[in-house]
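Add chain B to chain A, keeping to what the hints say.
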Amino acid sequence: MTLLPKCPTGIQGLDEITGGGLPRGRPTLVCGSAGCGKTLLAAEFLVRGAVLFDEPGVFIAFEETEAELEANVASLGFDLGKLVRQKKILLDYVHLERSEIQESGEYDLEGLFVRLNHAIDSIGAQRVVLDTLEVLFASLPNEAILRAELRRLFRWLKDKGVTAVITAERGPEQLTRHGLEEYVSDCVILLDHRVNDQIATRHLRVVKYRGAQHGTNEFPFLIGEDGISVLPITSLALNHKVSDERIATGIPRLDAMLGGRGFFRGSSILLTGTSGTGKTIISCNFAQSACRRGERTLYFSFEESPNQLIRNMSSIGLRLEPLVKRGLLRFHSARPSLYGLEMHLATMFREIATFKPDVVILDPITSLMDSGTPSECKGMVTRLIDYLKAGQVTSLFTSLTQGGAALQQSDSAMSSLMDSWILLQDFEGNGERNRVLYVLKARGMKHSNQIREFLISDHGIDVVDAYIGPSGVLTGSARAAQNSLEQAAVLARQQEAAQLEREVSRKRRALDRQISSLRSDYETEAEELRRIAEQVGTKTRLLTTERVASGLLRQADTKTARIRVSSRNGRSH
Amino acid sequence: MTKPPKTKRSAAAPAKPRPDPRWHLRLYVVDQTPKSIMALTNLKRICENHLKGRYHITVIDLLKQPRLAKGDQILAVPTVVRLLPTPVRTVIGSLSDIERVLIGLDLRAAD
Chain A
1 MTLLPKCPTG
11 IQGLDEITGG
21 GLPRGRPTLV
31 CGSAGCGKTL
41 LAAEFLVRGA
51 VLFDEPGVFI
61 AFEETEAELE
71 ANVASLGFDL
81 GKLVRQKKIL
91 LDYVHLERSE
101 IQESGEYDLE
111 GLFVRLNHAI
121 DSIGAQRVVL
131 DTLEVLFASL
141 PNEAILRAEL
151 RRLFRWLKDK
161 GVTAVITAER
171 GPEQLTRHGL
181 EEYVSDCVIL
191 LDHRVNDQIA
201 TRHLRVVKYR
211 GAQHGTNEFP
221 FLIGEDGISV
231 LPITSLALNH
241 KVSDERIATG
251 IPRLDAMLGG
261 RGFFRGSSIL
271 LTGTSGTGKT
281 IISCNFAQSA
291 CRRGERTLYF
301 SFEESPNQLI
311 RNMSSIGLRL
321 EPLVKRGLLR
331 FHSARPSLYG
341 LEMHLATMFR
351 EIATFKPDVV
361 ILDPITSLMD
371 SGTPSECKGM
381 VTRLIDYLKA
391 GQVTSLFTSL
401 TQGGAALQQS
411 DSAMSSLMDS
421 WILLQDFEGN
431 GERNRVLYVL
441 KARGMKHSNQ
451 IREFLISDHG
461 IDVVDAYIGP
471 SGVLTGSARA
481 AQNSLEQAAV
491 LARQQEAAQL
501 EREVSRKRRA
511 LDRQISSLRS
521 DYETEAEELR
531 RIAEQVGTKT
541 RLLTTERVAS
551 GLLRQADTKT
561 ARIRVSSRNG
571 RSH
Chain B
1 MTKPPKTKRS
11 AAAPAKPRPD
21 PRWHLRLYVV
31 DQTPKSIMAL
41 TNLKRICENH
51 LKGRYHITVI
61 DLLKQPRLAK
71 GDQILAVPTV
81 VRLLPTPVRT
91 VIGSLSDIER
101 VLIGLDLRAA
111 D
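Line by line, the protein sequences give chains A and B. Going by our numbering, the first sequence opens with residue 1, and the numbers climb by one from there. Going by our numbering, the second sequence opens with residue 1, and the numbers climb by one from there.
Same shape as in the complex, but just chain B:
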């Protein structure tokens, strides 16, 4: 994992492509429930549409790794956490409302 370059970003500023913007997303789920499957499917689709080739998704099943819930303060599942680029952003739910996911992960700016 490479450290992202220090770039000033804001919603108001016009988006310009940054050099090597790696996106690191982490999806927390509990078990293979329909909600978690739907969330992963939705997340993959959004990433393919907006971040093709620039993203990396880790899926964490809390049922298998309950310890990890504490680190990212996970209560609700499914939760997707944007670890990179900073700051950390969190979206909860099955990610069915794509518009909200884009706002939540600040993907519009990345486009």
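Pulled out of the complex, with its shape left as it was, chain A reads as follows:
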């Protein structure tokens, strides 16, 4: 089984949609209304073919002269003149003026065939563009002959084996004004240029691709400085590699709420909140902390100019200007209504490609959302996130929640694309508004479930302890009041304990005094007793001595006398 061979166009995104390019060796019809980029698409097909794939091409122009064509595509950075000199591209301007032509009798378009054949053979062309064949209908009078000849032409192109692109004007009821789709049946691409809310967007749709699978959706495309880029959303695959590395948010306590280490590198972060909740401040803080780590940060601002941002942030102690000067931080400010969504996306892609940031911040994504329908915006954000994730770039999107809308609902289109979601909120009460934040979701990490108040001071952002009262979280002065209440209670308990301690020590001292007076009483009496005992002893000894002395005097038996003295010792007087 052989698959249909494809001829890559080299146009960004188109090859993705068509699964590799246009059908090789067959004609493709590109139709669309005026000014939707048919000629440019055809020209880029030839230029890319000549430059990227070394396939020379012939451009048969029925509407523009060679010089005009060269000038027109020069705006896309294609040097057609150089390619012509290198014999990689051959331009042939076919001019027909009906007023100069008179018809008499039968004719055919063999002249065109000869010209085409000669052009193809002279440079060995593999690609052919006919822009726009329908001019023939206006120039040549006999439509029956023309139709027969066109049918022959497409057959001839196929036989010649060239991959051809034929452009045609969009008709009111059919794809082309003169029904060329009848003849070109292999591949039909429809271009469209619509204005929605004053913003024009180009769309591309592969209406038909015989023998091949293709994306059937309408894809936005744009004509930028480097040619056409089609932005296929649905054909993107989810296969980017992921990082385990974590990066700090710039607010230590917010890091703590995110499992202690902040966001994953390369993840997408959504920061939502009503106006004045501090989205931009947190974003700038994040940018500053990234820059301090030496990471390059690209900040897309859709509401404030870089200078205004720098001034405002300096009021809370964020010095962004030195970072800008060092080339670490770059602001890109553009009004959302400046151009369409696709142009914004292309501009962002180009900025990202040239600046090569580690962190990208979009502030706010919601103002960009006004430039297109919700599905277009979602597609754009998807495309952007995928692009950033593929390059391991961390992205932070802020989103403004409109007053009155449900906080979680308003971003339902986007939230599922985000890895982390931090919600900022105003708490009203007690005659004041206070800011709180909480982590609504954080894929792949343990995160705090607490609602935390955060303060914006001269020194930046500080997340403070949560106070949960009977009526919910306490913020602002209520939190301060609760704080001082608790402090007063602690003080009272401390005072009570000190009082008790003093009482106890006083009692101990009284006890000690009592003990010592009792002891001194006792000691006095004991001393008395000892003195008395001594006195008694002395008397007895004296008596004995006297007795012995008198015994000696009486010349009594000493021994007997001594025994008697000892036995009668106790009752001697």
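The hints are simulated quantities; they were obtained by calculation from the structure and are not laboratory data. Please note that the accuracy of each hint is not assured.
Said to hold, decoys possible - Chain B is nowhere near these chain A residues, computed Cβ spacing over 12 angstroms in every case: (1) Ala34; (2) Glu68; (3) Glu106; (4) His118; (5) Gly124; (6) Lys160; (7) Tyr183; (8) Ala200; (9) Lys241; (10) Ser375; (11) Gln392; (12) Tyr438; (13) Ser457; (14) Ser484; (15) Thr544.
Said to hold, decoys possible - No farther apart than 30 angstroms at their CA atoms in a straight line, the calculated lysine-lysine pairs in the DSS-like style are these: (16) B:Lys64 to A:Lys160; (17) B:Lys64 to A:Lys87; (18) B:Lys52 to A:Lys158; (19) B:Lys70 to A:Lys82; (20) A:Lys6 to A:Lys160; (21) A:Lys241 to A:Lys389; (22) B:Lys70 to A:Lys87; (23) B:Lys70 to A:Lys160; (24) A:Lys208 to A:Lys6; (25) B:Lys64 to A:Lys158; (26) A:Lys160 to A:Lys208.
Beta carbons are placed, not taken as given, at the ideal position from N, Cα and C, and that holds for glycine.
Chain B only, in chain A's frame:
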């Protein structure tokens, strides 16, 4: 080839014979198809009838000289181009409708 004299011509103005009005016609064909043969035959007859002795026909076979197709912006064949007198006029087809050829080449005025 001599340059034609500068004469003011218009369809409304009565035709008057000009001194030495050389007609230079070029017939583009691809190969010797019945259509091309018919065109050449028709052209010769018309010229003989209206421009006897004052015309010159060049036949170009694009099959042999494809480069020349670009010069006169030839798409359809057969094509006859009136190079002289100016302005250039073009008639396509086998020239079977003589009336139209006469209009196309502005031959009525030349008569």
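Query - Violated hints - listed by number, lowest first - result: Of the numbered hints, 3, 4, 18 do not hold.
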